[in-house]
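Trainee: Each chain is listed here by its residues.
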Amino acid sequence: MVPVPSLLALSAVLFTLGLFGALMKRSIVIVLISIELMLNAVNINLVTFSRYGMAPSVAGQIFALFNMTVAAAEIAVGLAILIVFYRSRNSSDVEDMDLLKH
Amino acid sequence: MMLSFRKVMYMALSAGGVFLGVAGIYILLQADFLAFAQILIYAGAITILMLFAIMLTKHDTVEESPFTWGKALPAGIGTFGTLLFILWTIRTSSWPVAQAVPHGSNVSEIGLSLFRTYAIPFELVSLVLIVALVGTVVLARKEED
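Residue numbers (numbering that gives the first Met the number 0), protein chains in the order written: chain A, 0 to 101; chain B, 0 to 144.
Calculated from the structure, these hints are not laboratory results.
Where is the CB? At the ideal position from N, CA and C, for every residue including glycine.
On the chain B side, residues computed to face chain A include the following (Cβ under 8 Å):
1. Ile45
2. Ile89
3. Tyr117
Please model the entire structure based on the sequences and the hints provided.
Mentor: Following this line, the structure appears as structure tokens:
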């Protein structure tokens with residue numbers, strides 16, 4: 000078996016990479032992908048504990064499945080917003096999303 | 000590696016690679032159904048959707064990063080601190096492993112549990128999906144005026 004702490008460490012690394020990308024990158028698409036990375040890290044944790052936790056059951060996998068569908072819905076809506084934003088501002092840069100500032 | 004590329008297209012493609020790797024982790028954890036769902040949804044649908052979005056917008060965008068330390072430093076310190084804290088927590092706590100339960104068929108187990116115990120959340124998720132679908136169409140539609 001794969002030891003639990005290494006799986007958790009992998010998920011922690013994935014999560015922080017996603018966090019860093021979401022904070023640092025300037026393209027909206029990349030920010031969305033980074034959010035997906037964070038959700039994936041959470042899913043790894045859920046599946047790990049559904050297999051090797053104190054009370055192993057299938058509930059963790061069910062929860063990860065729900066998580067996936069919500070992530071897919073989120074990415075679809077985010078990309079629709081990106082398309083509309085690109086149509087109106089002709090840019091896909093996070094820095095240009097400042098309509099509410101002025 | 001994914002964050003270090005400069006072209007947005009390469010970043011999206013390597014994100015697909017990351018999703019495939021996560022699917023491999025699921026197979027290692029004997030979550031077969033989840034691994035296939037991961038490949039279908041993430042590596043298939045979401046990566047392709049990302050590529051479509053990149054193509055529809057400026058598809059030759061290069062992350063022209065004038066790597067500003069004023070922005071990178073607090074973000075880097077914050078995320079690195081978070082990482083160290085999580086790793087320290089993982090290291091200092093004990094993880095008791097229950098004896099390996101003999102899983103039957105993973106898929107049938109998930110199906111039974113999904114439609115018996117979690118029937119109402121399942122329906123709610125379908126509601127979320129249809130709302131997202133309609134919302135996406137309404138958002139991205141060209142306004143005829």
